[in-house]
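K.L.:
Sequence:
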Amino acid sequence: MTSTKIQFLVQMTCESCVKTVKQSLQNVPGVNDVEVNLKEGSVVVDSILPTLEVQKKLESTGRPVAIKGYDGSIAAVSILEAGEESIKGVVRFVQATPNTCIIDGTIDGLVPGEHSIEVHECGDLSRGCESVGKLFNPVGYAGKRNYGSLGQITAERNGRAAFRIEDNVLRLSDVIGRSLVVSSQVRDISHASCGIIARSAGLFQNPKTICACDGTTIWDEVTKPKSKSSL
Numbered sequence: 001m002t003s004t005k006i007q008f009l010v011q012m013t014c015e016s017c018v019k020t021v022k023q024s025l026q027n028v029p030g031v032n033d034v035e036v037n038l039k040e041g042s043v044v045v046d047s048i049l050p051t052l053e054v055q056k057k058l059e060s061t062g063r064p065v066a067i068k069g070y071d072g073s074i075a076a077v078s079i080l081e082a083g084e085e086s087i088k089g090v091v092r093f094v095q096a097t098p099n100t101c102i103i104d105g106t107i108d109g110l111v112p113g114e115h116s117i118e119v120h121e122c123g124d125l126s127r128g129c130e131s132v133g134k135l136f137n138p139v140g141y142a143g144k145r146n147y148g149s150l151g152q153i154t155a156e157r158n159g160r161a162a163f164r165i166e167d168n169v170l171r172l173s174d175v176i177g178r179s180l181v182v183s184s185q186v187r188d189i190s191h192a193s194c195g196i197i198a199r200s201a202g203l204f205q206n207p208k209t210i211c212a213c214d215g216t217t218i219w220d221e222v223t224k225p226k227s228k229s230s231l
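Just so you know, we're using UniProt numbering here: the sequence shown kicks off at 1 and counts up by one.
Among the hints, a few may not be true.
What the hints assert, rightly or not - For lysine to any residue, the following SDA-like pairs were computed, each having C-alpha atoms within a straight-line distance of at most 25 Å:
id: 1; residue 1: K19; residue 2: A66
id: 2; residue 1: K56; residue 2: V31
id: 3; residue 1: K19; residue 2: M1
id: 4; residue 1: K22; residue 2: V65
id: 5; residue 1: K144; residue 2: E114
id: 6; residue 1: K144; residue 2: D167
id: 7; residue 1: K19; residue 2: D33
id: 8; residue 1: K88; residue 2: R199
id: 9; residue 1: K56; residue 2: G159
id: 10; residue 1: K144; residue 2: G159
id: 11; residue 1: K39; residue 2: K56
id: 12; residue 1: K5; residue 2: G30
id: 13; residue 1: K88; residue 2: V18
id: 14; residue 1: K56; residue 2: Q152
id: 15; residue 1: K22; residue 2: V34
id: 16; residue 1: K57; residue 2: S3
id: 17; residue 1: K39; residue 2: V18
The hints are simulated quantities; they were obtained by calculation from the structure and are not laboratory data. These figures come from a predicted structure and were not determined experimentally.
Whole structure, please, built from the sequences with the hints as guidance.
P.N.:
Take a look at the structure:
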């Protein structure tokens, strides 16, 4: 599997904090390397694990944790915000190599069972998931599968699907500005939830920790009371 580097901000104040953070990921299968910068509060993890799994390990130290960026030529994110109100999720994309796109996500509020995830033509949510257009297939594409069909994910009993997919067909530059759609295979729902795929920060490309508009810090955001979804 292709590993990716993820940058987290972790609230640390001393070398003892650094040691604790490193120990939280020590000997964890799937974690290849951990780089900690106390001054910057930065933890860069090289792994093949879903982001949520790494984040939970870091949060087990009792310290606030925030995701900052991904290594790759292009990174993008889709926040599922249209469709069924009960479904909330974040799906991240990284073009890890010219031939490999990593799709990493956590979605809550799903019906337990299988769901498909797809890229659709339009980034138009004016009518929710009914205005996202058809399944995306670029002109001239002649592959065996539908270009925008990213595969199946499984929601557990609690309604959560956490997944990491390596896709050797999708090119992230082709789909930025289009829509990601989650469709239930369990009951007759054409499009359960959807969101626009928007470009996001790569590794070390997001140094901001304070919002210029209202002075809110990243830790204020992390420690706000969480809604039903903990994403």
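K.L.:
Indicate, hint by hint, whether the structure satisfies it.
P.N.:
For each hint, the structure was consulted:
1. For a cut-off of 25 Å, the pair hint linking K19 to A66 stands: about 19 Å separates their Cα positions.
2. For the hint linking K56 to V31, the alpha-carbon distance of about 13 Å falls within 25 Å, and the restraint holds.
3. Our distance criterion of 25 Å between C-alpha atoms is broken by K19 and M1, whose separation comes to about 28 Å.
4. A C-alpha spacing of about 14 Å is found between K22 and V65, which places the hinted pair at or below 25 Å, so the restraint holds.
5. For the hint pairing K144 with E114, the CA-to-CA distance comes to about 22 Å; that is within 25 Å, so the pair holds.
6. With a CA separation close to 14 Å, the supplied pair K144 and D167 stays within the 25 Å bound.
7. Simply put, K19 and D33 have alpha-carbon atoms about 14 Å apart, close enough for the 25 Å limit, and the pair holds.
8. As the CA atoms of K88 and R199 are separated by approximately 19 Å, the hinted pair is consistent with the 25 Å bound.
9. At most 25 Å may separate the alpha-carbon atoms for a hinted pair to count; K56 and G159 meet this at roughly 18 Å.
10. A threshold of 25 Å between alpha carbons decides the hint, and for K144 with G159 the separation of about 31 Å lies outside it, so the pair is violated.
11. Taking the CA atoms of K39 and K56, the gap is near 22 Å; set against the 25 Å cutoff, the hint holds.
12. This hinted pair checks out: K5 and G30 have alpha carbons roughly 12 Å apart, not beyond 25 Å.
13. A hinted pair counts as satisfied when its Cα atoms are at most 25 Å apart, and K88 with V18 does not qualify at roughly 32 Å.
14. Between K56 and Q152, the direct Cα distance comes to roughly 24 Å. Compliance with the 25 Å bound is thereby established for this hinted pair.
15. A threshold of 25 Å between alpha carbons decides the hint, and for K22 with V34 the separation of about 7 Å falls inside it, so the pair holds.
16. Of the pairs offered as hints, the one joining K57 and S3 holds, with about 17 Å between alpha carbons and a cut-off of 25 Å not exceeded.
17. A distance of roughly 11 Å separates the Cα atoms of K39 and V18; the hinted pair therefore holds under the 25 Å criterion.
The earlier numbered hints that this structure contradicts are 3, 10 and 13.
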